[in-house]
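Residue numbers (my numbering), protein chains in the order written: chain P, 27 to 140; chain L, 509 to 624.
Think of the hints as simulated: they come from the structure by calculation, not from any bench.
Mixed in with the good hints, there may be bad ones.
[Stated by the list, open to error] Straight-line C-alpha distance at most 30 Å; calculated DSSO-like pairs for lysine-lysine:
1. K521(L) to K68(P)
2. K561(L) to K27(P)
3. K68(P) to K579(L)
4. K27(P) to K565(L)
5. K27(P) to K563(L)
6. K68(P) to K563(L)
7. K68(P) to K565(L)
8. K578(L) to K68(P)
9. K565(L) to K94(P)
Okay, here's what each chain looks like letter by letter:
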Amino acid sequence: KQEVTQIPAALSVPEGENLVLNCSFTDSAIYNLQWFRQDPGKGLTSLLLIQSSQREQTSGRLNASLDKSSGRSTLYIAASQPGDSATYLCAVRGASGNTGKLIFGQGTTLQVKP
Amino acid sequence: DVKVTQSSRYLVKRTGEKVFLECVQDMDHENMFWYRQDPGLGLRLIYFSYDVKMKEKGDIPEGYSVSREKKERFSLILESASTNQTSMYLCASSPTSGRAKANEQFFGPGTRLTVL
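If we strip away everything but chain L, and leave its shape as in the complex, we get:
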């Protein structure tokens, strides 16, 4: 089974802190994604990566950056956390086209981040 893990289930930070959210997948997937989920707004894509050291902005990249130094790990960075970044953060991975069930996305358990 595909496994996507996230470093923390719950996280509380203060305004202005630098925050790192880590995601690791064990299925050698090329693509990795970071979403945030908010009531009434659904899931929104922040950043994604289709290869090591490659990244592309999603729909709401402002206030975030990402790092993908190794294929299995994709990190989301909040350079200076703000209260409007309080949210549920979900990481996902998927294989690239050409494989069976291409692009089926598998999600981690989520990190509930609260910024005070």
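Only chain P is shown next, with the shape it has when bound in the complex:
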């Protein structure tokens, strides 16, 4: 059974720092991996999607990498800003089936201090 773990559960950094959020999964047979952002009391916003054949995806100050063989993904945030404060979730989709069911990690809550 696929399990997704995110470490650390919470992170606090000063504004301007570069930071890395970690995501690990137990079954390397994945179809894709998706990173989301969630603000308190709100829904999830999709940040980046990495297909299993890809090594990384970039969007603005965000870069997500995927090492399928080791069951790891990282989300790199460059030059962090207070507006980046949120909970970041990663989710993987298994390779079998065609319905897009995702397995989520518990999330990392990030606080960027001005």
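On the provided structure of chain P, position chain L as indicated by the hints.
Using the frame of chain P, we list chain L on its own:
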């Protein structure tokens, strides 16, 4: 931009009431999902649908049912609401495989349901 909307942001119901949560997406996605999110438990899949009138149980379907009569609309039904169904409910949709960014899931804003 993909838009997923949910009928209510906040809802308060009484134990035993029948509750309907509605979700609508405007991107012609085949797949739709209902999750609940609870502190310490994360997001858990309740039901999903990969086509009109099709549905499959997720990880925690007990106490819930769903309806998908039209492609754009996916309804979650609590037949007899109980206090342990107090939670944040999130709807999502995604295109099926074969399209660009296949299976990228897009979420609605969530419905905070309180059952008294």
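Taking the hints in turn, this is what the structure says about them:
Only pairs whose Cα atoms come within 30 Å are accepted, and K521(L) paired with K68(P) is accepted, the gap being roughly 20 Å. Annotation: proposed proximity of K561(L) to K27(P) holds, straight-line Cα distance about 28 Å (limit 30 Å). This hinted pair checks out: K68(P) and K579(L) have alpha carbons roughly 25 Å apart, not beyond 30 Å. A C-alpha spacing of about 16 Å is found between K27(P) and K565(L), which places the hinted pair at or below 30 Å, so the restraint holds.
Restraint check for K27(P) and K563(L): satisfied, since their Cα atoms lie roughly 22 Å apart, inside the 30 Å limit. Straight-line distance between C-alpha atoms of K68(P) and K563(L) comes to about 26 Å, which keeps the hinted pair within the 30 Å bound. Annotation: proposed proximity of K68(P) to K565(L) holds, straight-line Cα distance about 25 Å (limit 30 Å). A C-alpha spacing of about 26 Å is found between K578(L) and K68(P), which places the hinted pair at or below 30 Å, so the restraint holds.
Between K565(L) and K94(P) the alpha-carbon distance is near 28 Å, which keeps this suggested pair within the 30 Å criterion.
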